[in-house]
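The hints should help you fit chain A onto chain S, whose structure is shown.
Residues per chain are reported as follows:
Number of protein chains: 2
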Amino acid sequence: MNVELVSIGDELLLGYTIDTNATFFARAAAELGIRVVRRSTVGDTAGEIADAVREALDRTGGVITSGGLGPTADDLTKASIAELFDRGLALDEGIWEALQARWKARKWPGEIPLANRTQALVPVGATVLTNRHGSAPGIWLEDPEGRWVAMLPGVPREFRGMTTDELLPRLTARMAATGASGLVVRSRTLRTTGIAESAIADALGKLSKDPMGVALAFLPGWEGVDLRLTVTDLPAEVADAQLQIAANALRARVGPWIYGEDETDLAGLVLDALRAMHRRAAVAESCTGGMLGMRLSAIPGSSDVFAGGIISYDNEVKVRHLGVRESTLRAHGAVSEETAREMATGARTRLGVDVGIGVTGIAGPSGGTPEKPVGTVWVAVDVLGNVQASRISSVGDRAEVRQRGTQAALALLLRALETR
Amino acid sequence: MNVELVSIGDELLLGYTIDTNATFFARAAAELGIRVVRRSTVGDTAGEIADAVREALDRTGGVITSGGLGPTADDLTKASIAELFDRGLALDEGIWEALQARWKARKWPGEIPLANRTQALVPVGATVLTNRHGSAPGIWLEDPEGRWVAMLPGVPREFRGMTTDELLPRLTARMAATGASGLVVRSRTLRTTGIAESAIADALGKLSKDPMGVALAFLPGWEGVDLRLTVTDLPAEVADAQLQIAANALRARVGPWIYGEDETDLAGLVLDALRAMHRRAAVAESCTGGMLGMRLSAIPGSSDVFAGGIISYDNEVKVRHLGVRESTLRAHGAVSEETAREMATGARTRLGVDVGIGVTGIAGPSGGTPEKPVGTVWVAVDVLGNVQASRISSVGDRAEVRQRGTQAALALLLRALETR
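Which chain is which? The protein sequence lines are S and A, in order.
Counting in the numbering used here, the first sequence runs from 3 upward without gaps.
Counting in the numbering used here, the second sequence runs from 3 upward without gaps.
Next up, chain S with everything else stripped away, as it sits in the complex (with noise of 0.2 angstroms):
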């Protein structure tokens, strides 16, 4: 099945919000055999998003947009494709009665704007696809021929819960009543932490090029390089077991370094590995401000495990919340081995747990000297009073040495639990 996607929005053509929607319906629509055969972007703009939408169409007969269904003036989606299918619009009771009501459970002062009322209108005709993310419903649009158009909110979060919660599914129930090929395009990502690009590249050698005949892509990041296998083109199971083959072949060479696969979160895993201990964790945090108890925090449920910890940007924190010595902080300064582990063993005695964690270093743009420039990270654990510490030396910007700072403080403590 080909389908396009037209994204709607002057912010999206004058470059002030780069367009995630596309990315994530693309590499779901893949793995069902759906291939997006072209993008377009236009502005906020009838005539335009007609065009675009007609356009597509005729090349298709699919096309999924995004943005443009919002209750301002300057949201003309609906109409302007309700036009092109010569339909008019109308309120839909029940879409105005559930934006009433949620208007009235948030406790908003005052009645509901009558803008919202809006978002209310559907083409007649026209399948309301239930928005359980936000306000503004999605609309499926499909005439006589079976020509359809597929209406999306444009926020990211809202686009994303509604192409899986109701796109998806509904294109797979039309592939398999027209019978469509079922070729499919599948991936698996190996996460790999604390190892550059160019040593896993030789530490591979000749694997690093279409290992198994499947296509290897080298992704680094802030939480480490990437290795992503792709397969094109092949029914599923062929595919899986290719990437079952390649994927093998890539762990037997680099294996220690992978943490996980495809979405796996760092800071899941510990959180996993302390759960299964029966141990609880405490952080210490100079440079990263609060960012690893953030990680931590992010995941649902983190709280059986993760108590709390010092924000020790100051010093003076890290000596009085801490206990950090101030002769190891004059002897060796702020970031430093020592200062590392007496802030991890710090977070572990003073908030009452068995694991301590802690970061301290130079995130820039200033504070470099030449023994310990921006960049430099001590992170140190310490398990039930077994103290590790570890150096990272990072490029990158402020923002980035801290996400650094934080896997690698994360990836530390993995490691230091698996080997208990």
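A portion of the hints provided could be inaccurate.
You can't tell identical chains apart in this list, so a pair holds if it fits in one copy or across any two.
Keeping only pairs whose Cα atoms sit at most 25 angstroms apart, straight-line, the calculated DSS-like set for lysine-lysine is [to be verified]:
1. Lys106 <-> Lys374
2. Lys374 <-> Lys211
3. Lys106 <-> Lys208
4. Lys208 <-> Lys374
5. Lys106 <-> Lys211
Hints in this document: simulated from the structure, not taken from any laboratory.
Quick look at chain A alone, frame taken from chain S:
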């Protein structure tokens, strides 16, 4: 001047790569009065590339492509566009020598692969755009009627460098020659927080549609709703004056909700306000788990006014490290105005600073009750013993509830500091 962008690459259509080139070009071009009226993305297929470029040329007469200039078999941009212009391809000796020299300089083993020779092929009569950032040169191809295509590499670093070095100067000169110069697209964004999109629309009334003839876009996100004003095709001075008039009109209606303009970060404003008052702050975070500290410490130089804080994810940490009373937790619960207030005061007194900020809430997905549904967040600030609190009801997933709670805490503090 109107142009279109055509991004070329299977990886874009498959969703493996996010197209940041288009965003970069659009923003840089708008400042010069060049308008991107449509963007298209096609795969590595000669017919698709030629179709998309021809359609775009028919609409605007000027097209920038990115991608498909590499040395491998799937790089088809030059060949398909040369054919569209009825031109052959010829070897450019200068480029070929430069590629060979580059190969030698990088000490790669063996002779330069013949595949690289395709990178030295240029459509007859085209102008070569020098690439100082990588190996693939760009191409400028123009027909006798003045319709043109600029082909740039897809690697973002190379695309950006060549846009700045080669493309924008050329387009500026062209605009000057055709008398189109001097007209710009310019925008200003007013950032609001704590008010719903539809409530802003109501408050603005008629001003919500093209206030004073200026285009207005509503951009909701977790930081709040941004109001972006844009004027197009005006001389720079007129553009700025029109934006000023429209911004004033919006400020008259929703001024109290506007915290800044354009890229302004609320955390930065909080730090500035603290600095101006010679006050230092500390945080006490429950549901946000460190996110508030992360936001404040993300800004370089924050250490003079941000001391750190306590991540009191666990109630025991609230009691032991922040002095929240057990009776408060029993009577009102961890997510309550009373607990938020005691957390703010605890952050202030325990860290020995002037200002404390407390955040406690139910981030979900579980843990909600009818009285305190998921998304309920209490924020409180203690400024020198003067405590204020505010309740937020967010929709959205766990990440968004935390982000909105963090933003609300910063907004409450900024207001408290400003009204002192």
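Against the structure, the hints come out as follows:
1. Lys106 <-> Lys374: Classified as between: cross-chain Cα gap 15 angstroms, same-chain 56 angstroms, threshold 25 angstroms.
2. Lys374 <-> Lys211: neither (37 angstroms within a copy, 54 angstroms between copies)
3. Lys106 <-> Lys208: The answer is between: 22 angstroms across copies meets 25 angstroms, while 62 angstroms in one copy does not.
4. Lys208 <-> Lys374: neither (37 angstroms within a copy, 58 angstroms between copies)
5. Lys106 <-> Lys211: between (58 angstroms within a copy, 22 angstroms between copies)
Checked against the numbered hints above, the structure violates hints 2 and 4; every other hint is satisfied.
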